[in-house]
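Residue numbers (numbering that gives the first Met the number 0), protein chains in the order written: chain A, 0 to 255; chain B, 0 to 353.
Don't read these hints as lab results, they were simulated from the structure. Please read all numbers here as calculations on a predicted model, not as lab measurements. Heads up, a few of these hints could be off.
Stated by the list, open to error - A short, non-exhaustive set of chain A residues, derived as facing chain B with CB atoms under 7 Å:
#	residue
1	Asp-9
2	Ala-11
3	Arg-15
4	Pro-55
5	Arg-78
6	Phe-91
7	Ile-102
8	Gln-105
9	His-113
10	Met-217
11	Gln-221
Ideal placement from N, C-alpha and C gives every residue a C-beta, glycine not left out.
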Amino acid sequence: MAVPLLQVHDLAKSFRGVQALQDYRLELGHRELIGVIGPNGAGKTTLFNVLTGVAPATRGRIVFNGQDITRATPDAICRAGIARTFQNIRLFRRLSVLDNVRIGLQAHGRNRLHEVVLRLPGFATQERRLEQQARELLDMLDLAEYAGVQADTLPYGLQRRLEIAIALATRPKLLLLDEPAAGMNPAEAEALMRLIARLHGEHELTIILIEHNMRVVMGVCQRIQVLNYGRLIAEGSPEAIQQDPRVLEAYLGVAA
Amino acid sequence: MKRLVPLIPIAVVMGLAGLAQSALNDYYQRILAVIAINVILAVSLNLTNGYSGDFSLGHAAFMAIGAYTSAILTLPVRMKAVVLPDLPPWLGQVELPFAVAVVIGSGLAALVAFIVGIPVLRLRGHYLAVATLGLMVIVQVIALNWQPFTRGARGINGLPPFTTLLWAYGWMLVTIAVIWRIVHSSFGRAMMAVREDELAAACRGVPIFRTRLLAFVCGALFASIAGALWAHLITAITPSSFSFLITFNVVAMVVIGGSGSITGSVIGAVLMTLLPELLRRFETALAIGGQPLYGLSQIVVALMMLGVMLFRPQGLMGRRELPEVLAAMGIGVPTRPSRVEAAGEKTAQAQTPG
Numbered sequence: 000m001a002v003p004l005l006q007v008h009d010l011a012k013s014f015r016g017v018q019a020l021q022d023y024r025l026e027l028g029h030r031e032l033i034g035v036i037g038p039n040g041a042g043k044t045t046l047f048n049v050l051t052g053v054a055p056a057t058r059g060r061i062v063f064n065g066q067d068i069t070r071a072t073p074d075a076i077c078r079a080g081i082a083r084t085f086q087n088i089r090l091f092r093r094l095s096v097l098d099n100v101r102i103g104l105q106a107h108g109r110n111r112l113h114e115v116v117l118r119l120p121g122f123a124t125q126e127r128r129l130e131q132q133a134r135e136l137l138d139m140l141d142l143a144e145y146a147g148v149q150a151d152t153l154p155y156g157l158q159r160r161l162e163i164a165i166a167l168a169t170r171p172k173l174l175l176l177d178e179p180a181a182g183m184n185p186a187e188a189e190a191l192m193r194l195i196a197r198l199h200g201e202h203e204l205t206i207i208l209i210e211h212n213m214r215v216v217m218g219v220c221q222r223i224q225v226l227n228y229g230r231l232i233a234e235g236s237p238e239a240i241q242q243d244p245r246v247l248e249a250y251l252g253v254a255a
Numbered sequence: 000m001k002r003l004v005p006l007i008p009i010a011v012v013m014g015l016a017g018l019a020q021s022a023l024n025d026y027y028q029r030i031l032a033v034i035a036i037n038v039i040l041a042v043s044l045n046l047t048n049g050y051s052g053d054f055s056l057g058h059a060a061f062m063a064i065g066a067y068t069s070a071i072l073t074l075p076v077r078m079k080a081v082v083l084p085d086l087p088p089w090l091g092q093v094e095l096p097f098a099v100a101v102v103i104g105s106g107l108a109a110l111v112a113f114i115v116g117i118p119v120l121r122l123r124g125h126y127l128a129v130a131t132l133g134l135m136v137i138v139q140v141i142a143l144n145w146q147p148f149t150r151g152a153r154g155i156n157g158l159p160p161f162t163t164l165l166w167a168y169g170w171m172l173v174t175i176a177v178i179w180r181i182v183h184s185s186f187g188r189a190m191m192a193v194r195e196d197e198l199a200a201a202c203r204g205v206p207i208f209r210t211r212l213l214a215f216v217c218g219a220l221f222a223s224i225a226g227a228l229w230a231h232l233i234t235a236i237t238p239s240s241f242s243f244l245i246t247f248n249v250v251a252m253v254v255i256g257g258s259g260s261i262t263g264s265v266i267g268a269v270l271m272t273l274l275p276e277l278l279r280r281f282e283t284a285l286a287i288g289g290q291p292l293y294g295l296s297q298i299v300v301a302l303m304m305l306g307v308m309l310f311r312p313q314g315l316m317g318r319r320e321l322p323e324v325l326a327a328m329g330i331g332v333p334t335r336p337s338r339v340e341a342a343g344e345k346t347a348q349a350q351t352p353g
């Protein structure tokens with residue numbers, strides 16, 4: 000069997016004694032697309048925060064692409080190849096859409112300071128390359144016409160898509176999507192589903208998807224993990240999860 | 000041809016500086032030199048306070064480092080024997096050209112900023128502001144007590160008056176050019192990303208600490224140049240020359256001009272230097288009952304600052320730069336992000352909690 004892209008062992012995160020996540024484990028192969036679901040406060044976003052170094056793990060080990068990233072900083076983890084979106088959308092609000100994507104692209108291939116100050120040929124080449132790549136990405140996500148627009152004036156659905164564009168700009172191997180369909184209408188959610196499927200298929204990305212919209216989760220995920228109170232309570236195919244009594248209980252309560 | 004366009008304003012500024020240097024009297028020359036120095040200070044402070052979003056109050060400290068370094072290095076050996084007799088011999092015997100001393104001073108200030116920045120830039124917001132203020136106090140105390148090098152509270156006087164308008168405006172142009180280039184590059188975008196949302200920037204691969212440190216060190220480097228120019232303009236420095244008052248003035252220039260706009264810093268510096276000077280004339284002219292209205296100029300300037308903050312809190316320029324303003328008037332190409340009109344009912348405010 001091939002070496003997994005991501006291995007998470009015995010992961011735990013506590014905030015001042017509150018166990019937000021415990022005994023979490025995951026083996027994620029290249030090009031897998033899994034979903035993480037669970038009621039509000041189950042620890043899903045905490046999981047992403049720990050994986051991306053935003054909230055370092057209290058216990059456990061994360062190995063990504065053969066590299067131990069448990070204690071790495073968020074920017075190092077990003078450059079190692081894990082990108083994420085945020086549940087509550089975090090754009091560089093007052094910058095242009097183009098600049099937002101360029102900042103993502105800069106994760107790889109920045110100029111050196113002397114090239115910038117002396118405006119050496121390397122600077123112009125690099126800036127041209129960044130702009131061209133940024134425009135290609137915007138094109139791919141149907142955002143091209145908004146390149147010059149200030150990010151926080153985009154409609155909500157487009158802001159979500161821009162977040163994905165910035166995440167893709169960092170050239171990830173693993174993409175973590177935190178409730179990308181939140182606040183979307185059915186048509187937008189449908190389009191998002193197609194986009195996720197396309198990223199997974201054409202762009203050979205490995206994806207972890209946190210989502211409340213069950214149509215989206217069940218529609219695209221190959222495997223689903225269910226969290227409740229910071230613990231993994233079930234894992235399996237969408238069909239198995241839908242019938243798992245523990246999952247039904249977590250969502251609906253115990254049948255009388 | 001297009002590459003040569005930026006050279007036109009440079010040639011114009013230097014030409015005018017040269018002309019002013021030969022045609023104007025000392026009073027006007029000094030005001031013009033102070034303007035150039037203040038532009039250097041404001042533009043360099045803008046790197047941290049405007050672009051990377053770190054509110055620093057330590058600018059006067061780096062000015063002092065530049066001023067004292069340049070003073071010690073350029074003071075004629077003959078005078079050093081009298082003014083600073085206790086300098087170590089290797090310093091007592093040197094007498095360097097102005098430009099070399101300025102460069103050494105800026106290197107020293109950058110080094111200090113680097114060393115101080117490593118612990119201090121772990122702080123944010125108000126804490127950082129207070130910590131950088133502490134740095135200013137430390138530098139002042141050192142200047143006050145390191146007698147062999149600084150002559151303590153008496154300060155160093157009789158400095159060679161090297162700061163001509165050509166030097167002042169030359170360094171000003173260098174400052175603007177270098178900072179403009181840094182800001183309009185991946186480094187500048189990284190700084191703005193940190194300012195807009197530090198966590199999001201980190202998750203998108205921006206090296207947060209390095210980016211903030213770069214802004215801080217660069218700002219210090221140019222503040223030091225301004226300090227050296229100041230020293231050789233006034234020809235005398237004391238520890239109290241580099242006090243909170245200067246920092247306050249420069250912060251006001253940046254805020255009034257517009258944090259995050261180099262053009263704004265230039266305008267802020269020019270206004271905040273010229274206005275008090277112009278208004279001072281009215282203090283004696285507008286006498287009430289034979290009593291001159293001393294202090295009127297400060298009151299008027301303070302009221303104007305209040306007005307700007309009330310009616311244009313983003314500063315006169317906001318975050319716009321001259322080329323964008325020209326573009327808006329139909330000259331050149333637009334670069335500023337536009338806004339989506341009628342973004343309508345579904346904006347980012349409609350978030351789901353969770």
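Outcome of the hint check:
1. Asp-9: Nearest chain B Cβ about 24 Å off; hint violated.
2. Ala-11: Because about 22 Å separates Ala-11(A) from the closest Cβ in chain B, which is outside the 7 Å limit, the hint is violated.
3. Arg-15: violated (20 Å)
4. Pro-55: violated (13 Å)
5. Arg-78: holds (5 Å)
6. Phe-91: Given a least distance of 4 Å, the restraint on Phe-91(A) holds.
7. Ile-102: holds (5 Å)
8. Gln-105: Holds - the Cβ of Gln-105(A) comes within 7 Å of chain B, reaching about 5 Å at its closest.
9. His-113: violated (11 Å)
10. Met-217: violated (19 Å)
11. Gln-221: violated (24 Å)
Of the numbered hints stated above, those contradicted by the structure are hints 1, 2, 3, 4, 9, 10 and 11, listed in ascending order.
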